[in-house]
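> Which chain is which? The protein sequence lines are A and B, in order.
If you count by the working numbering, then the first sequence holds residues 1 to 449, one letter each, in order.
If you count by the working numbering, then the second sequence holds residues 1 to 449, one letter each, in order.
The hints are simulated quantities; they were obtained by calculation from the structure and are not laboratory data.
Careful, some of the hints might be misleading.
As the list makes no split between identical chains, a pair holds if one copy fits it or if it spans any two.
Here are the simulated DSBU-like cross-link-like pairs (lysine-lysine), alpha carbons at most 35 Å apart as the crow flies [stated by the list, open to error]:
{"#": "1", "residue 1": "Lys-227", "residue 2": "Lys-73"}
{"#": "2", "residue 1": "Lys-247", "residue 2": "Lys-59"}
{"#": "3", "residue 1": "Lys-73", "residue 2": "Lys-123"}
{"#": "4", "residue 1": "Lys-125", "residue 2": "Lys-2"}
{"#": "5", "residue 1": "Lys-59", "residue 2": "Lys-155"}
{"#": "6", "residue 1": "Lys-94", "residue 2": "Lys-203"}
{"#": "7", "residue 1": "Lys-314", "residue 2": "Lys-346"}
{"#": "8", "residue 1": "Lys-2", "residue 2": "Lys-84"}
{"#": "9", "residue 1": "Lys-346", "residue 2": "Lys-84"}
{"#": "10", "residue 1": "Lys-73", "residue 2": "Lys-441"}
Please read all numbers here as calculations on a predicted model, not as lab measurements.
There are 2 protein chains.
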Amino acid sequence: MKALIISAGEGSRFRERGGKTPKQLNSLFGLTLLERVVLSAKRAGVRDFFIVTGYKAEKIEQALGNGGKYGVKIKYIHNPEWRKGNGSSVLKAKNLFAEEESFLLLMSDHIWEPQLLEEFLDKRKKCSLCIDRKISQVHDLEDATKVLVINGKVKAIGKDLKRYNAIDCGIFLCTPAIFTALEEANTSDNIFLSDGIRILARKGMIGTFDIGEHYWADIDTPQLLRKVEKYLCNSSGKSGDGPISRKFNRLFSQRLTHLLVRTKITPNSVTLLSFMIGLLSGGLFWFHSYLFGGLAAQLASIMDGVDGEIARLKLTETRFGAYFDAILDRYADAFIILGMTYSQFKVSPSPWIWIAGIGAIVGSFMSMLGKEKYIALTGKRLIVHRSDGLLKWLSSHIQGRDVRLFLIMGGGILNLVYPTILFLALISNLCAGLRLWGVKKDLNLDLNQ
Amino acid sequence: MKALIISAGEGSRFRERGGKTPKQLNSLFGLTLLERVVLSAKRAGVRDFFIVTGYKAEKIEQALGNGGKYGVKIKYIHNPEWRKGNGSSVLKAKNLFAEEESFLLLMSDHIWEPQLLEEFLDKRKKCSLCIDRKISQVHDLEDATKVLVINGKVKAIGKDLKRYNAIDCGIFLCTPAIFTALEEANTSDNIFLSDGIRILARKGMIGTFDIGEHYWADIDTPQLLRKVEKYLCNSSGKSGDGPISRKFNRLFSQRLTHLLVRTKITPNSVTLLSFMIGLLSGGLFWFHSYLFGGLAAQLASIMDGVDGEIARLKLTETRFGAYFDAILDRYADAFIILGMTYSQFKVSPSPWIWIAGIGAIVGSFMSMLGKEKYIALTGKRLIVHRSDGLLKWLSSHIQGRDVRLFLIMGGGILNLVYPTILFLALISNLCAGLRLWGVKKDLNLDLNQ
């Protein structure tokens, strides 16, 4: 799949409202808007990019180069007539794309969640437009391109449409028919992409893809850029987060993320930092400093959210990052529980304290191993069903790392270290047993084995 | 993909040589040959079966039913003229298969490794025959159907071929062209499948698929059935097994498998038994019975191979079995190390013994977690390259569960429990660190992230 990115315009509204650099070269969390388009599309599997340049063409070519630094190929097409509208820029690519069955048409100043494009391309409906039904949430509705969708087809499109039920998100899976349509529309001085789409729409040729709850934005002014920045920062949490992550940690982690995402610090450095705070917590427990040990454990838990948040905002999520985080978290947990156990043993030297500590460590490993082994075997996440009552409740309320570390903080503050160890050992191993039972039911239902 | 199984013949050679039941209903490790054909094909994704019956048709229908118990659909086609040869049985399916683009044609008395068919269907070369180049290893070469392959196409086929370079394995991906060819061949009284294939081959229409190192057998006599049984039992080990599994455990586990595979004991029961022997080992260590604790650990390791061997021989490998085995192994390891640690602590009550024990347990979990997390992230196994010298050596010589339990046996017998714990803790955590490094290199190389 090739992508054509239209990056020729002047962004006059952006400049009027105080912007200095070309719009698409403005930075959002350390990446220019244009880089975000390329990297987000890369996540969805696109590797070949063609960028149509016009206004400040050299600056754009200099900024992105041949794409090698992003692991993709980028070629440039210059449109000296860029003032004639974005339709003229699309037409410049006619010869290059005439033989393609279909290709992606993207805007250099639109940002969207990478998952949006992945889902869209998974469907691979030829000749279709991404549309947003969440009209009330669209920034700057006045300037947005409205769409009237009837029976899943584009019926009408334009900025000044009176009757509409969706907004064009600027992501279009095209066929070369668009070029003929644009040539047909090319009667006046200016020629816009939506003119071409309108002609195809009249022939009933344009399908739609509802982006559902996904987020996108057309960044037309510096004010909007700030607004989007804020929005993204506040919604950078992971969907599978546990209750403490969502309701408590995020209050702190998002502030930290907001600070750190502007620096050069990488997500993996944050992972390492979180691990080191975990070691510190273990050390503090070891030397009987329960209050600070508990607080450090909680801080490690908060930092454990920041790495992922930064990675998502900077589009630098990597599989190694996920691996590194998983291994280091497990070691940190082991060190924290070891510190707690050792200090309790020093107070009352019974081997049973060690056995409880081993139980808690084994349970914390089992929690992860049980999930990862399921993914490794089936290629999908284990979904705990409501019918597995106790496991469902434990999984969503107690079993996550966020809750475990929160309990450890509580145990440290309240000087209830041994009960905390015992509780963790019992609950996490009970969960492992229940999960084994759940997996048995789940896999037996699956006749494809 | 539909499959047509030819199961109409009398199996006269089988009966001459002392067989009593219809050939395809003879049992091999608790499954009839015909059941094996169905279940092996199911592994490769086939769900719709049509079985042509002739000799003792009712017995065969009774034995397999509608396929519900195997999670597939089976329909029967009766061929009253089965004495006219297997070609006449294939022709009976003409109307049912005339519209198919392609279908599998299988023999009811041939067995083969499920992976063979998976690989064959992955290629999905229309109209091709599985052939075996390992001519010297074919049982009963005289009676085998020989094939002359030139440039990947079947040039000639027949039992009495003088010049040949491969053997027909009885697995054929057909198009309906075979029916026309068989009708064309239907001049004499008897009509054989290979007559039809010969006609298509003359037109250059039959491709080949080299089965490589895979195993298959055409079971024509009771003697051959015994021979195959023995062969399968001796080769039921897993390809990824560690050195102790391969060179030591297998001597015992294959004998045990040979005994247990004839009983109704399920692989999951063996997994549970292996776990309980692990608990016993931990208990023996706990009460200072090092010699027997060590021997029990080794017995648990031997039994750990038996469950998989039985499952492979009975074609009852399940994903739950793999999950169950993984979780229980980890708990058994933890209990064994716990018993060792506790007994050492009783001898000299230092907390450092517990810390070493925790290190060994954490390391044993990390060993598995590091591999499973990699599979969960990438969908493939982590391959350690030669360039990661130390990790490569440790992974293949020290790091497996088989070697860990072997060292524990050694430690128990030689009364070197504490050094064993220390060694395991150091080595397994060193491996986890090196593996992290290896994964970093591996995933960074992979530009597709």
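> Each hint: holds or not?
Hints versus structure:
With identical chains, the CA atoms of Lys-227 and Lys-73 are at most 35 Å apart within one copy only, with a shortest distance of 31 Å there and 58 Å across copies. For a Cα distance limit of 35 Å, the shortest separation of Lys-247 from Lys-59 qualifies neither inside one copy, at 44 Å, nor across copies, at 65 Å. In this assembly of identical chains, Lys-73 and Lys-123 lie within 35 Å of each other by CA distance both inside one copy and across copies; the values are 24 Å within and 31 Å between. Proximity of Lys-125 to Lys-2 under the C-alpha cut-off of 35 Å is found in both arrangements, the shortest distances being 15 Å within a copy and 29 Å between copies.
When the C-alpha separation of Lys-59 and Lys-155 is checked against a cutoff of 35 Å, the pair qualifies neither within a copy, at 38 Å, nor between copies, at 64 Å. Taking identical chains as interchangeable, the C-alpha atoms of Lys-94 and Lys-203 lie at most 35 Å apart only when both belong to the same chain, with a minimum of 21 Å there against 45 Å between chains. Taking CA atoms no more than 35 Å apart as the test, Lys-314 paired with Lys-346 passes in neither setting, with 46 Å inside one copy and 54 Å between copies. For the homomeric pair Lys-2 and Lys-84, the shortest alpha-carbon distance inside one copy (25 Å) is at most 35 Å, but the shortest distance between copies (58 Å) is not.
In this homomeric assembly, Lys-346 and Lys-84 never come within 35 Å of each other (Cα to Cα): the closest approach is 80 Å inside a single copy and 87 Å across copies. Taking the closest pair of Cα atoms, Lys-73 and Lys-441 come within 35 Å of each other only across two copies (23 Å); inside a single copy the shortest separation is 47 Å, beyond that limit.
Hints 2, 5, 7 and 9 from the list above are not met by this structure, while the remaining hints are.
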